[in-house]
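Those protein sequences? They're chains A, B, C and D, same order as listed. So for the first sequence, the working numbering puts the first residue at 136; every next one is plus one. So for the second sequence, the working numbering puts the first residue at 136; every next one is plus one. So for the third sequence, the working numbering puts the first residue at 136; every next one is plus one. So for the fourth sequence, the working numbering puts the first residue at 136; every next one is plus one.
Keep in mind the hints are simulated off the structure, nothing from the lab. Do not take every clue at face value.
Note that identical chains are pooled: a pair holds if it fits in a single copy or bridges any two copies.
Stated by the list, open to error - Below, in silico cross-link-like pairs of lysine to aspartate or glutamate (EDC-like), each with a Cα-Cα straight-line distance of 16 Å or less:
no.: 1; residue 1: K331; residue 2: D213
no.: 2; residue 1: K366; residue 2: D299
no.: 3; residue 1: K380; residue 2: D403
no.: 4; residue 1: K366; residue 2: E342
no.: 5; residue 1: K331; residue 2: D403
no.: 6; residue 1: K380; residue 2: E292
no.: 7; residue 1: K366; residue 2: E306
no.: 8; residue 1: K380; residue 2: D193
no.: 9; residue 1: K262; residue 2: D309
no.: 10; residue 1: K380; residue 2: E149
no.: 11; residue 1: K366; residue 2: D332
no.: 12; residue 1: K366; residue 2: D339
no.: 13; residue 1: K366; residue 2: E224
no.: 14; residue 1: K380; residue 2: D282
no.: 15; residue 1: K366; residue 2: E430
no.: 16; residue 1: K366; residue 2: D309
no.: 17; residue 1: K366; residue 2: D282
no.: 18; residue 1: K366; residue 2: D328
no.: 19; residue 1: K366; residue 2: D260
There are 4 protein chains.
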Amino acid sequence: MAVVMGPNQYGKAEVRMVAVDRGGPRHHLRDLTVSTTLRGDFTEAHRTGDNSAVLPTDTQKNTVHAFAQQQPVGEIEDFALRLAHHFVESQPAVREAQVQIEEHAWERVPVGGSGHDHAFHRAGDEKRTAAVTFDGAQAHVLSGLRDLVVLKTTGSEFRGFPRDAYTTLAETDDRVLATAVTARWRHLQPRGDWAKDFAAVRADLLETFATTHSRALQHTLHEMGRIVLDKHSGIAEVRMSLPNKHHFAVDMTPFGMANRNEVFFVSDRPYGLIEGSVTRDDVEAAPEAWYGLPEF
Amino acid sequence: MAVVMGPNQYGKAEVRMVAVDRGGPRHHLRDLTVSTTLRGDFTEAHRTGDNSAVLPTDTQKNTVHAFAQQQPVGEIEDFALRLAHHFVESQPAVREAQVQIEEHAWERVPVGGSGHDHAFHRAGDEKRTAAVTFDGAQAHVLSGLRDLVVLKTTGSEFRGFPRDAYTTLAETDDRVLATAVTARWRHLQPRGDWAKDFAAVRADLLETFATTHSRALQHTLHEMGRIVLDKHSGIAEVRMSLPNKHHFAVDMTPFGMANRNEVFFVSDRPYGLIEGSVTRDDVEAAPEAWYGLPEF
Amino acid sequence: MAVVMGPNQYGKAEVRMVAVDRGGPRHHLRDLTVSTTLRGDFTEAHRTGDNSAVLPTDTQKNTVHAFAQQQPVGEIEDFALRLAHHFVESQPAVREAQVQIEEHAWERVPVGGSGHDHAFHRAGDEKRTAAVTFDGAQAHVLSGLRDLVVLKTTGSEFRGFPRDAYTTLAETDDRVLATAVTARWRHLQPRGDWAKDFAAVRADLLETFATTHSRALQHTLHEMGRIVLDKHSGIAEVRMSLPNKHHFAVDMTPFGMANRNEVFFVSDRPYGLIEGSVTRDDVEAAPEAWYGLPEF
Amino acid sequence: MAVVMGPNQYGKAEVRMVAVDRGGPRHHLRDLTVSTTLRGDFTEAHRTGDNSAVLPTDTQKNTVHAFAQQQPVGEIEDFALRLAHHFVESQPAVREAQVQIEEHAWERVPVGGSGHDHAFHRAGDEKRTAAVTFDGAQAHVLSGLRDLVVLKTTGSEFRGFPRDAYTTLAETDDRVLATAVTARWRHLQPRGDWAKDFAAVRADLLETFATTHSRALQHTLHEMGRIVLDKHSGIAEVRMSLPNKHHFAVDMTPFGMANRNEVFFVSDRPYGLIEGSVTRDDVEAAPEAWYGLPEF
């Protein structure tokens with residue numbers, strides 16, 4: 136028996152960077168959290184401590200900064216592509232690079248009815264995401280979002296499930312449904328009008344959540360993905376991770392009152408976790424595009 | 136020497152509750168985190184374990200739920216007032232009650248150009264707050280907000296500060312200024328048009344942050360408070376806690392580039408923390424209104 | 136009416152610093168989070184942006200670092216005293232300084248039966264704390280701890296409480312009692328054998344929690360404080376903040392089983408929050424020692 | 136083109152449970168966070184909302200509770216195996232179950248020199264983990280740990296790395312090395328003396344971290360894994376995720392002092408992230424054992 140290296144990777148995680156476009160009096164900003172991951176043959180570094188193939192993670196951070204200085208950051212998918220290409224094409228040991236970016240949204244502070252030139256407020260906790268994987272030949276681009284928290288006060292049921300000796304849940308034809316959407320969608324091509332696409336897919340996800348009469352969170356997940364594929368021919372598949380943020384109707388009978396789905400206790404844990412992907416049947420799967428990402 | 140009880144209080148913290156108004160097809164919701172605190176003579180509970188004066192915290196939670204069922208929650212200041220009155224007026228041992236509420240904002244999901252009747256998405260991480268203290272005779276109402284994250288890309292300097300043996304900071308006449316505003320303002324009366332007031336004060340805080348040429352975060356804090364007092368005769372004082380979320384311009388000289396305040400590294404810790412209050416000189420201070428709150 | 140400054144303060148929060156004593160082959164380390172707060176007359180900075188009195192928070196951070204270099208850090212109470220004295224005595228505008236420190240504990244990695252010379256592992260999430268306030272004449276020293284999580288599987292009851300229309304809680308003579316202790320104790324003098332004292336007080340708090348038959352968390356709080364005052368003549372008062380980390384026995388009757396306080400669901404929110412202080416009746420209160428601290 | 140379901144799974148996440156063994160006066164406790172994941176053919180639930188195959192996540196939570204009542208929890212690997220077998224063997228639609236458990240450690244409160252019978256304090260933030268995957272035929276058992284935070288004050292270098300246009304990092308032959316170890320190891324068999332094994336592997340990981348002269352965190356990772364495989368013939372592979380918790384020596388030259396690796400600023404973000412696996416060359420890989428886990 137010998138001990139050998141299995142899968143491995145390394146990089147710089149969570150480079151927090153704000154890039155400001157000061158080209159005119161009306162400033163624009165991009166607020167990003169960038170993580171870089173390099174894969175390749177780093178066996179000697181592991182076995183003997185020979186670091187001659189190990190581009191420092193500090194250099195990876197510097198590269199993120201320098202690339203933001205060299206030309207406008209642009210859309211996060213393009214910025215991730217530039218970085219991934221750079222690492223693979225400049226470092227012999229790097230076989231594949233994966234770059235993950237989260238973008239934090241800002242809005243202009245309203246002053247006198249219009250947005251201020253250089254003052255902003257954070258638009259919320261939701262993030263737009265990109266994850267790009269490039270192996271020297273093929274680039275995969277995943278766009279996405281995280282922490283899009285949504286809730287329906289009606290139009291959601293959960294019935295017809297199997298019951299075993301441990302089942303106490305009552306069937307319901309009217310419940311609150313709430314989740315925090317994490318979604319990623321894989322583009323067929325590594326180029327596109329990313330910003331316009333993102334806005335359209337996000338609107339489709341939201342609208343489908345709202346208008347689907349939900350028979351379960353799985354059912355809603357499928358509808359959301361299906362609509363995106365129906366309307367966006369450039370998207371190959373959609374993956375979602377949906378925690379079921381339980382809202383339990385409070386029992387008011389001890390207080391002599393009826394609670395007709397009006398007052399809910401919000402539970403933090405435990406939570407249902409529904410994860411799934413919806414895909415076209417005529418495109419090839421690309422597991423390498425999803426490898427190493429934090430979600431299902 | 137004898138051992139005696141000093142200041143003490145108890146209550147239920149972080150009751151997470153969603154109340155839905157289903158009075159018509161267009162639902163409305165309030166998403167609240169409510170904390171109750173009771174003060175009074177609980178010496179025997181502490182000394183001998185005689186709980187005859189200790190209304191259970193579980194009951195306090197139930198009361199929050201039941202009060203939301205009995206009548207519409209309404210504005211958080213009014214809901215807090217109702218709860219505070221109830222505890223003081225129904226429990227002989229309770230000399231004073233403090234009720235803190237955070238409200239989480241939701242927006243309607245846009246569908247076909249207008250907001251959906253019963254589907255919502257979280258509007259962000261910012262919270263509207265209320266803190267009410269009632270001692271049986273006088274009620275103090277503090278309105279406020281938390282986690283309003285703002286940033287200016289220019290219009291901020293920091294100069295003219297003293298230098299000692301440990302000072303290395305360079306003076307600057309152009310820096311990024313960013314903070315997460317926590318603000319509370321004390322009303323002269325325990326009644327008002329809370330929602331309208333809140334919207335107006337929030338707009339004033341934002342607009343003043345944007346339009347003030349800042350000589351320091353202290354300077355900005357004072358201007359924000361001053362404007363609120365100028366424009367709202369019913370407000371006695373404003374307190375703010377402003378973490379200075381440092382954005383450091385990256386040194387690009389090693390890469391042969393100049394960084395003209397375009398690319399910034401965002402630091403998490405340490406951070407400057409600027410806290411202060413601005414008050415009218417002709418109103419009495421009310422330290423009891425602020426007692427026990429988590430911020431300065 | 137004029138607008139005037141009310142209470143205000145500023146400083147640097149959460150300076151994360153590790154200081155290593157490399158005086159011999161057996162290294163020692165101190166891992167600290169230091170926050171400094173300065174109070175005084177900073178009215179002009181707020182009103183006009185005149186910063187001539189405002190020692191930068193960056194300088195405060197540098198001072199923390201430099202003081203750790205100049206001489207061994209020593210006990211956190213002494214390090215906080217040195218910093219507080221420095222700011223008050225060197226800056227004319229500073230009337231009072233408060234320095235808060237959290238110390239993160241490390242243990243030596245066991246190798247061959249004894250602790251390694253220079254390799255350590257974190258001992259847990261509990262922190263030892265110090266909070267020193269110095270106004271140029273008098274120094275107050277509070278020692279303390281945070282996040283000491285304790286639990287009893289029996290020896291805790293909660294009975295005899297008042298019941299109102301919203302009370303559903305059953306009386307119990309046997310429940311799980313769990314809390315995360317935050318405690319601070321005020322010393323009569325700003326000097327002492329801090330490390331030895333800390334170990335003794337911590338042991339007293341733990342032992343009293345364990346051996347007290349608890350009639351309520353308030354009762355346990357009082358006993359813990361009383362014992363500390365009984366055994367430590369140099370301590371004037373003890374304050375504690377005790378969240379009641381509820382453990383609810385799961386109802387097993389639907390599954391045909393009895394749960395004799397054996398299986399518990401652990402709830403995150405809401406939680407009871409019990410806060411109180413125990414003090415000697417023959418010492419003067421010192422509210423200024425507690426001013427501005429994050430807890431009750 | 137048709138839209139089809141891709142990979143999907145669902146379950147209950149983060150069931151927080153404490154189980155107490157009260158069989159005698161000396162109580163024992165297990166404090167667990169359990170997450171269950173079911174995989175199988177749930178296509179109809181997604182496509183049409185037919186839930187006849189969807190065992191509710193609420194039932195999964197109940198099952199965790201009931202199984203803890205039925206017989207002693209025992210070691211977390213065995214508890215996970217029982218749960219995974221149950222779901223696969225009792226639910227026709229379930230092809231595979233994965234059960235993840237984190238165990239929170241408690242120690243007895245020391246009273247009079249020995250541990251108390253029924254009072255405990257949390258031993259730290261480190262968790263012992265288990266992840267079991269069972270597909271009806273084969274069970275994979277991964278044991279592990281999370282949040283084991285370690286630090287060396289010397290015995291760590293980083294040299295000989297490639298330099299490009301963006302490299303500014305200096306080579307160093309003496310730095311602080313710190314990380315929070317997440318490790319999982321795969322057992323060749325789904326049975327064993329889990330507790331004894333865990334203690335031994337943990338000790339090996341710690342001791343190897345301490346005694347390895349580190350040429351890079353990659354080098355340390357490999358040594359830690361290699362030693363575990365050398366000493367434990369029942370373990371097939373070890374995977375680790377090691378964030379490089381950077382400690383930067385503070386530049387004291389502005390203050391006229393030299394910092395000989397004595398005072399460090401601890402940075403939160405960004406951080407290097409080193410991930411890798413070490414495996415025997417004569418065992419088959421088992422990607423299905425690792426599928427869906429949150430780490431690399």
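Structure-based check of all given hints:
| no. | hint | in the structure |
| --- | --- | --- |
| 1 | K331 x D213 | within (14 Å within a copy, 43 Å between copies) |
| 2 | K366 x D299 | neither (40 Å within a copy, 44 Å between copies) |
| 3 | K380 x D403 | both (7 Å within a copy, 14 Å between copies) |
| 4 | K366 x E342 | within (13 Å within a copy, 40 Å between copies) |
| 5 | K331 x D403 | neither (35 Å within a copy, 32 Å between copies) |
| 6 | K380 x E292 | within (15 Å within a copy, 33 Å between copies) |
| 7 | K366 x E306 | neither (34 Å within a copy, 53 Å between copies) |
| 8 | K380 x D193 | between (39 Å within a copy, 13 Å between copies) |
| 9 | K262 x D309 | neither (30 Å within a copy, 28 Å between copies) |
| 10 | K380 x E149 | between (27 Å within a copy, 12 Å between copies) |
| 11 | K366 x D332 | within (11 Å within a copy, 43 Å between copies) |
| 12 | K366 x D339 | within (9 Å within a copy, 42 Å between copies) |
| 13 | K366 x E224 | neither (35 Å within a copy, 41 Å between copies) |
| 14 | K380 x D282 | within (12 Å within a copy, 22 Å between copies) |
| 15 | K366 x E430 | neither (25 Å within a copy, 33 Å between copies) |
| 16 | K366 x D309 | neither (30 Å within a copy, 46 Å between copies) |
| 17 | K366 x D282 | neither (23 Å within a copy, 37 Å between copies) |
| 18 | K366 x D328 | within (15 Å within a copy, 45 Å between copies) |
| 19 | K366 x D260 | neither (27 Å within a copy, 31 Å between copies) |
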